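S.K.: Please model the entire structure based on the sequences and the hints provided.
The residues making up each chain are set out below.
Number of protein chains: 2
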Amino acid sequence: MEKAQETLQAWKGRVEQELDRVMAFWLEHSHDHEHGGFFSCLGRGGQLYDDLKYVWLQGRQVWMYCHLYRKLERFRRPELLEAAKAGGEFLLRFARVAPPGQKCAFVLTRAGSPVKVQRTIFSECFYTMAMDELWKVTGDARYQGEALDMMAQIVHWVQEDPAGLGRSQLAGTPASEPMAIPMMLLGLVEQLGEEDEGLARHYAELGDWCAHRILQHVQRDGQAVLENISEDGRELPGCLGRHQNPGHALEAGWFLLRYALRKGDPALRAHVIDKFLLLPFRSGWDPEHGGLFYFQDADGLCPTQLEWSMKLWWPHSEAMVAFLMGYSDSGDPVLLRLFSQVAEYTFRQFRDPEHGEWFGYLSREGKVALTIKGGPFKGCFHVPRCLALCEEMLTILLRARAPPPPPPPPAPQ
Amino acid sequence: MEKAQETLQAWKGRVEQELDRVMAFWLEHSHDHEHGGFFSCLGRGGQLYDDLKYVWLQGRQVWMYCHLYRKLERFRRPELLEAAKAGGEFLLRFARVAPPGQKCAFVLTRAGSPVKVQRTIFSECFYTMAMDELWKVTGDARYQGEALDMMAQIVHWVQEDPAGLGRSQLAGTPASEPMAIPMMLLGLVEQLGEEDEGLARHYAELGDWCAHRILQHVQRDGQAVLENISEDGRELPGCLGRHQNPGHALEAGWFLLRYALRKGDPALRAHVIDKFLLLPFRSGWDPEHGGLFYFQDADGLCPTQLEWSMKLWWPHSEAMVAFLMGYSDSGDPVLLRLFSQVAEYTFRQFRDPEHGEWFGYLSREGKVALTIKGGPFKGCFHVPRCLALCEEMLTILLRARAPPPPPPPPAPQ
Chain A
1 MEKAQETLQA WKGRVEQELD RVMAFWLEHS HDHEHGGFFS CLGRGGQLYD DLKYVWLQGR
61 QVWMYCHLYR KLERFRRPEL LEAAKAGGEF LLRFARVAPP GQKCAFVLTR AGSPVKVQRT
121 IFSECFYTMA MDELWKVTGD ARYQGEALDM MAQIVHWVQE DPAGLGRSQL AGTPASEPMA
181 IPMMLLGLVE QLGEEDEGLA RHYAELGDWC AHRILQHVQR DGQAVLENIS EDGRELPGCL
241 GRHQNPGHAL EAGWFLLRYA LRKGDPALRA HVIDKFLLLP FRSGWDPEHG GLFYFQDADG
301 LCPTQLEWSM KLWWPHSEAM VAFLMGYSDS GDPVLLRLFS QVAEYTFRQF RDPEHGEWFG
361 YLSREGKVAL TIKGGPFKGC FHVPRCLALC EEMLTILLRA RAPPPPPPPP APQ
Chain B
1 MEKAQETLQA WKGRVEQELD RVMAFWLEHS HDHEHGGFFS CLGRGGQLYD DLKYVWLQGR
61 QVWMYCHLYR KLERFRRPEL LEAAKAGGEF LLRFARVAPP GQKCAFVLTR AGSPVKVQRT
121 IFSECFYTMA MDELWKVTGD ARYQGEALDM MAQIVHWVQE DPAGLGRSQL AGTPASEPMA
181 IPMMLLGLVE QLGEEDEGLA RHYAELGDWC AHRILQHVQR DGQAVLENIS EDGRELPGCL
241 GRHQNPGHAL EAGWFLLRYA LRKGDPALRA HVIDKFLLLP FRSGWDPEHG GLFYFQDADG
301 LCPTQLEWSM KLWWPHSEAM VAFLMGYSDS GDPVLLRLFS QVAEYTFRQF RDPEHGEWFG
361 YLSREGKVAL TIKGGPFKGC FHVPRCLALC EEMLTILLRA RAPPPPPPPP APQ
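Protein sequence lines, in the order shown, are assigned to chains A and B. Going left to right, the first sequence walks through residues 1 to 413 as UniProt numbering numbers them. Going left to right, the second sequence walks through residues 1 to 413 as UniProt numbering numbers them.
Nothing false has been slipped in among the hints.
In this list, chains with the same sequence are indistinguishable; a pair is considered to hold if it fits within one copy or across any two.
In silico SDA-like pairs for lysine to any residue, Cα to Cα no more than 25 angstroms straight-line:
#1 367 - 306
#2 116 - 239
#3 12 - 331
#4 367 - 297
#5 71 - 196
Calculated from the structure, these hints are not laboratory results. Model, not experiment: these values are computed from the prediction.
M.R.: Structure representation (structure tokens):
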């Protein structure tokens, strides 16, 4: 008990300090003061190596700044709010490829011209997250309107008709569901319903649907989480069906833990800890070099992705959140030990004590393979989100464990 | 001189033997006797781990079988011809997504239903190569008709109107030319014109255009070959513009050497050896661990591709062909030394003495990162093409160097 207290206290200090360092990196290097929005292609020391703007990363950085502004006193600074609003305006003006159509680009030029479009829902999801947090922070109804309109469009694409995404359905393409789809949607349900009972009720049924769909990805009699399954919840043939992504399973795990908490469902919580936390960790942790593999094959065959054995920053950030949340919700000391194991590896291997922020891509052996701090898929998101969520959880855990305040001194007689 | 002779003789032996071993692997494991065509998703020992059929690899394997059948006496076996014809028929029946439209799929199910389409010309290029080699081997005019029709379609997409490829042009997308486009086309010009003077004349102007376009990728006052340049031959901004692929430059190098030989242009030959062989080798060879990097950034920055520092089989196969061809054409002993250096590394690191064929994907340090022998991008092509071309070149080199036959014995008097 004493020991747990010490562990929590020590991590709270490390996590707080690291969050400050990480945010200092993005505040110094990523703002485009001319066009608004954020640069994400930043080298080890923060130098810009490309000025393209990735819509996922624009939305995520807006969300991150607003979240910190809203949740952590020391980040309630005009600098963050102004940058978030400039990022939001950049998205409002340029994210849509052909307004009033809702489809968003994947990447824009610095000034906002569309360069590439993906035939998925993710740009739109991060757009929605950004707009909703901007609404929560500023109270400007225009942002909420944007978030709700885009959400309706996303739900339409997912549940009714994906035609607007531009994918052509071919005779041989299996109707498959990547876990990312219900997972992102569940995250949006949580986001939009936070501090708004009306919207929470409005999206409750959708949340149940998402949770059900994610849980279907537990396959093979509960022995494996598979990234892609058939529309009716079965394993697909070939590499596509056997594909596993341990970091993704862990991220889905903490989304589901939040859902189980909202539902007040301890049986679901136990199932999620077992299947989405412990199972992917056991099969996904590299026994030789430490760290989580990026991809695996459920039959233990060699994946075809060249980067399968690399260690990426984001699965480790997600694992930290998942294990600390599992511990917060259940009090199981095993989960605190796993949090510490993952966090020690992560701080040791990914942090850059010299220039701030984390490296994103290590070799299997843990050597830095790419020195960039940001790029097409890494921006101001997973690292500070992990650190902020951990700080918030550690604060609550320590508050709950604090000795009761001393009795008031006896009144003067 | 003596030394060169020995080197050539030794490599001829190794290359011949290796070609036999490599072809034995594909002949044993890759044939689909039920549907025709070839499996390429084969594990280390040849076991099938996915039955998808990749159109690039179908076309390439048909080409390879026909080429061996046509060029090397010991491969003139009915088994190869029958498998090539079955692969050709599979392509004829299933490669096109929506016949009579010419667009081909990228990947098909085992039975031939389209799974994915790429918005590029490469499936169609390998289809054309396959059909033309089938025509050369069988004399069946149907195959040649297919090859010429598809070639006309490809030229139309490249030179006149790419609309049929399905790419949407966005306001911010730079009009860029990947070197692969004129390179593939130059390869097809060579293929279709081989042993056919009429067709060689028909495509001569196109060949000149391709060579001119490839040569434009030498940028920065001749100090770098860049993969992507603008339509008007200038460097593009950002990562896209700085992207380099040493193996690709070397492959373009031997395509251009053949072109220079056809043209009888020794000045061009010297330029190609300098810019497409020596330059990419000098900047692309890893001084620490040996082997060619997969991708580089022309400013020496960190590439954003996770696999940039991995060592792949095909750049090494292409480098072997390029240096041996450079030596054959110029007689420069430096090029023979470089051939030996690359070939020694390649045979040592990529060969699998236990199960045959080569590993495809090594870590920067040269450790096997993926144990598969075939997959979505690796099939029966780069390795046997390299070995067959080297064998052919070594045979000619040794024949030219052989001492003159002894004078005939004096006639009986």
